[in-house]
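Now for the letters of each chain:
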Amino acid sequence: MSLNFGTWVAGLITIAIMSLVWKENPFYRSAEHLYVGVSAGHAVVMAYNNIKDMAFQPLAAGQFVWIIPIILGILLYARYTKQAWLARYPVSVIVGIGTGVAVRGAIHGDFTQQVAATMKVGSANEILLLVFVVMSLSYFFFSREFQGPISIIPKAGRLVLMVAFGAAFGTTVMGRMALLIGRIQFVLGDWLGILR
Amino acid sequence: MYVLLLAVLIGPLLKPIGIPIKISEGTQSAYDVIDSLEPGSKVVFGFDYSPGNAAEMEPQAIAILKHLLLKDVKVIGISFQAQGPMLAVKAFEAAGWTEKEYGTDYVNLGYRAGGQGAVAAFASDVPGTFNTDYQGKSVSSFPIMQGVKTAADVDMIITIAPGTPGPEDYVRQVYSTYKTPLVCGVPAVAITQVAPYVQAQQIKGILGGLPGAAEYELLMNQPGKAVAAMDAQSLAHLLIVALIILRNAANIFSKSSPKSQTTASAGSSAGRDV
Amino acid sequence: MQLTSRDARRTQIDNQGGVSMIAAGKQFSFSVLVLLFVLFVYCIDSSRKGKVPSIRKLPALDAIEEAVGRATEMGRPVHFSPGIVELTHERAPQTLAGLSILSYVAGLCAKYDTDLITTIMMPDVYVVAEDVVKQRFLAEGKASQYKPEMVRFIGAEQFAYAAAAVGIMYREQVAANIMIGAWYAESLLLTEAGAQTGGIQITGSATVAQLPFLVVASDYCLIGEEIYAASAYLSRDPVELGVILGQDIAKAVTIGLMIAGALFLAFGNETIVNLVTM
Amino acid sequence: MTVIALVMILDFFIGDSTALDWINDTAVITRSWGIVISAFAMGLGAINLLRRHSRSIVRRDDNAFYSFLLVASMLVMIVLGVASGTESPGYDFMFSNILSPASSTMYASIAFYIVTAAYRSFSARNLEGWLLLITAVIVMLGKAPIGSVISDFFPVASNWIESVPNTAGMRAIMMGAALGVISSAVKMFLGLDKSYLGQR
Chain H
34 MSLNFGTWVA GLITIAIMSL VWKENPFYRS AEHLYVGVSA GHAVVMAYNN IKDMAFQPLA
94 AGQFVWIIPI ILGILLYARY TKQAWLARYP VSVIVGIGTG VAVRGAIHGD FTQQVAATMK
154 VGSANEILLL VFVVMSLSYF FFSREFQGPI SIIPKAGRLV LMVAFGAAFG TTVMGRMALL
214 IGRIQFVLGD WLGILR
Chain P
957 MYVLLLAVLI GPLLKPIGIP IKISEGTQSA YDVIDSLEPG SKVVFGFDYS PGNAAEMEPQ
1017 AIAILKHLLL KDVKVIGISF QAQGPMLAVK AFEAAGWTEK EYGTDYVNLG YRAGGQGAVA
1077 AFASDVPGTF NTDYQGKSVS SFPIMQGVKT AADVDMIITI APGTPGPEDY VRQVYSTYKT
1137 PLVCGVPAVA ITQVAPYVQA QQIKGILGGL PGAAEYELLM NQPGKAVAAM DAQSLAHLLI
1197 VALIILRNAA NIFSKSSPKS QTTASAGSSA GRDV
Chain R
149 MQLTSRDARR TQIDNQGGVS MIAAGKQFSF SVLVLLFVLF VYCIDSSRKG KVPSIRKLPA
209 LDAIEEAVGR ATEMGRPVHF SPGIVELTHE RAPQTLAGLS ILSYVAGLCA KYDTDLITTI
269 MMPDVYVVAE DVVKQRFLAE GKASQYKPEM VRFIGAEQFA YAAAAVGIMY REQVAANIMI
329 GAWYAESLLL TEAGAQTGGI QITGSATVAQ LPFLVVASDY CLIGEEIYAA SAYLSRDPVE
389 LGVILGQDIA KAVTIGLMIA GALFLAFGNE TIVNLVTM
Chain Z
1389 MTVIALVMIL DFFIGDSTAL DWINDTAVIT RSWGIVISAF AMGLGAINLL RRHSRSIVRR
1449 DDNAFYSFLL VASMLVMIVL GVASGTESPG YDFMFSNILS PASSTMYASI AFYIVTAAYR
1509 SFSARNLEGW LLLITAVIVM LGKAPIGSVI SDFFPVASNW IESVPNTAGM RAIMMGAALG
1569 VISSAVKMFL GLDKSYLGQR
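Chains as they are written, first to last, in this note's numbering: chain H, 34 to 229; chain P, 957 to 1230; chain R, 149 to 426; chain Z, 1389 to 1588.
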């Protein structure tokens, strides 16, 4: 059995968090609040370091352009004042970055490259793959409800999606069990010393 | 239900039951090709995994390292993942290499940034790319590095790599030019991606996930953590399958939809119905 | 860092010879992007002029009102979350799609005087979500019903968020759990808590790795593109519906292109394959 | 917003023309601005947390003790981190003995819920249900050693399912969602969607 204080704290936290699967209880609640507190504190420290390293230091070194993100950041706090609308500027900047980054990833990696990969057919499996992709994609037509015999295609597409989900579920079970086994090996091995 | 799961996981860990593990072709050929190494030959070992995926990758590294130790082969450890060198130290120790002489029998050359580019640089100029070991000692001072110029000067390259740079980069940058035999360890989910290279004999042997490590441990007759974990894994999967069957058997016999669900979502197209 | 990547790109292109404004291998993507922009703008325009397209039923969205209604009857709160990625993230559009559904949910809660709990992991999303809920309560004339507790920042770390959100769902016995946005491994923790408190669960995501769990564990699930169609569906706004038609046209063309490419290839002609990989 | 988004998009596409280097540079700077602004947003989040929980402490309600734990651990973390740095032993202790075990336990406990989710939801009441259930079972058995002990069919079938229908389904979802992303961007560029500003 471990004599290390830290290992004991870690072990107790592990048990407390794990106890949630039994039911929500004061032991879990304490661990949860401790955990949230520590992680929020950690995030604040990280944010503080980011502002310090990425904005204040270059600013102090004479790169005045870094005053802009600092001002924008402070504008976020305008929500507590009468000029709450000022907070929209930093939000727009953030949303602009996110949208730009998302669009470029979506069009290339998620769209054209997938189209290119799908049309390269050589084997029977690849032909089947193309057929399945077309069927599944047809499930996402929104502007009209397909009638008659053709309505079978989006329905079949939905079935392909279900097979895909079933497979992904099955694959993930493996990884999740490995994680839990890892945790059990920590509790029984490193902490309590039952396992070698 | 949770107790059942814990029981099937802990049970085999405490006392492995030894569900027969079928050795896959990839693991068998990896074992065979490593087993055919002459004593004294040199192997480059890529520690290309990180702490996040160590649970799945580390047992593979340790199993192969144990085998290499047995074969009296010299190992040059490298890494293209920032935390690889630290994991290399851990793996060398766990496989018992610390009793050997550092610098002569094995060496840990640390991490080089640059992804695929770094792999290419390593292949064409080993001592130029890895000019110091992980502690900053010059490589020219190590006897093991005598005569190693390019990737062609070692007898085999082994990489345990769950992501990039990974097997594909080693094939493209190293194997296609220098034809050094390549053995890889990948996560269970990545086997299908790498399969074309194995079929093309560009990769001589491959371990997939924790099962791969377990098979390797068995081939060496040294069942370890991975083999124990396999029993637990098998039982857990069986438990879930059994529960699903049980649940549906009840359904078929009672012919009525279970009332345990509090929601009435009739007509839902994507719901608990599925 | 930016220098190395740029130089690397430049050498790569030097090797291929030639100088271009748009990087090789991305030229087709860029053209498609421009074409899509034009297509969407055209569709918006024609929809505004009166040719408003229709939209098929999305049961998950119809179920939101039912879910809030049931929570109202039971006198218990509704839980909402727009996923766990920040607004500067590649998957941020999913968060934004979630936030626009949050606005609708907040409207319903205001109308029925139902308690709403919105849990947020990323601080920048918290800032926006608070605005969304507050403005919606104002718009419904229920400013006095709005409470700051309706939007809660918890965590800033994936599993700390999950631990706290799950705790809140149990303790406050939420009667409906609506989570639409980008999800990761924590999704199953939340849907299981939702299942155990016994409410209706409506989920949605375009994150392929997590969809299996959402589909399996919830009553209704919006799959992929459906989350982006949600705001059109809920608002029936001509502009939004016009875009939906544009997306459908793009899909039809894509299907045609893939089949054509495959057929050409079958007859040994690589024109289309070469075009799309340009 | 539009300008920034366009810079980010162009940054990805531009080739080697030196005349366009300024776009790369602007994109890099803008991204770091984003990080700084988000860091300021963290302050707002922290205020929300502290305000909610200190109210509960002052009121001495049922949750006062738990709220105290949260506020105290958060403040300790901030003080340690700002005063003595993230490498200091105290900070490291909190990080490696509270944060990381809690996080990996939360992660690992998903294994329990995957069992209940499977039990509760995999009921074969229609064709969709059957498909979902059967593929999940085949893949689960194909992945664990026990599968090949029962029959060679499982590993072979699970590999086929993963590489054909699974890839196809995931691909279709990605392609559709990509169109959704682009259409939302167009709406925002045209100023037709301001929901992110709390407006309708």
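Simulated from the structure, these hints should not be mistaken for lab results.
Mixed in with the good hints, there may be bad ones.
Restricting the straight-line Cα-Cα distance to at most 27 Å, the calculated cross-link-like pairs of lysine-lysine (DSSO-like) are [unchecked claim]: (1) K1582/Z to K205/R; (2) K1582/Z to K259/R; (3) K1056/P to K1046/P; (4) K188/H to K153/H; (5) K115/H to K282/R.
A few chain H residues that don't get close to chain R, going by computed Cβ distances all over 10 Å [unchecked claim]: (6) G39; (7) S72; (8) H75; (9) Q116; (10) V167.
Glycine is no exception: its CB is placed at the ideal position from the N, C-alpha and C atoms.
Would the pair K1056/P and K1046/P pass a check requiring their Cα atoms to be no farther apart than 27 Å?
15 Å, holds
**Q.** Non-interface label on V167/H, tested against every C-beta of chain R at 10 Å
**A.** Non-interface label on V167/H violated, nearest chain R Cβ at 5 Å vs cutoff 10 Å.
Quick one, are K1582/Z and K259/R close enough, alpha carbons at most 27 Å? Status holds; Cα separation ~22 Å.
Is K188/H close enough to K153/H, meaning Cα to Cα at most 27 Å?
-> 25 Å, holds
Hey, is S72/H genuinely clear of chain R, shortest beta carbon separation above 10 Å? 4 Å, violated
_Next pair to validate is K1582/Z with K205/R; report whether the Cα-Cα distance is within 27 Å._
Roughly 25 Å separates the two Cα atoms, so the pair holds.
Determine whether the non-interface label on H75/H survives the test: each CB of chain R must be over 10 Å from its CB.
7 Å, violated
Would the hint linking K115/H and K282/R be met if the CA-CA limit is 27 Å? 15 Å, holds
Note to self: At 10 Å, judged by beta carbons, does G39/H keep clear of chain R as stated?
What the structure shows: 19 Å, holds
Practice problem: Over 10 Å to the closest beta carbon of chain R is the bar; see if Q116/H clears it. | Solution: 14 Å, holds
Hint violations for this structure: numbers 7, 8, 10, all remaining hints satisfied.
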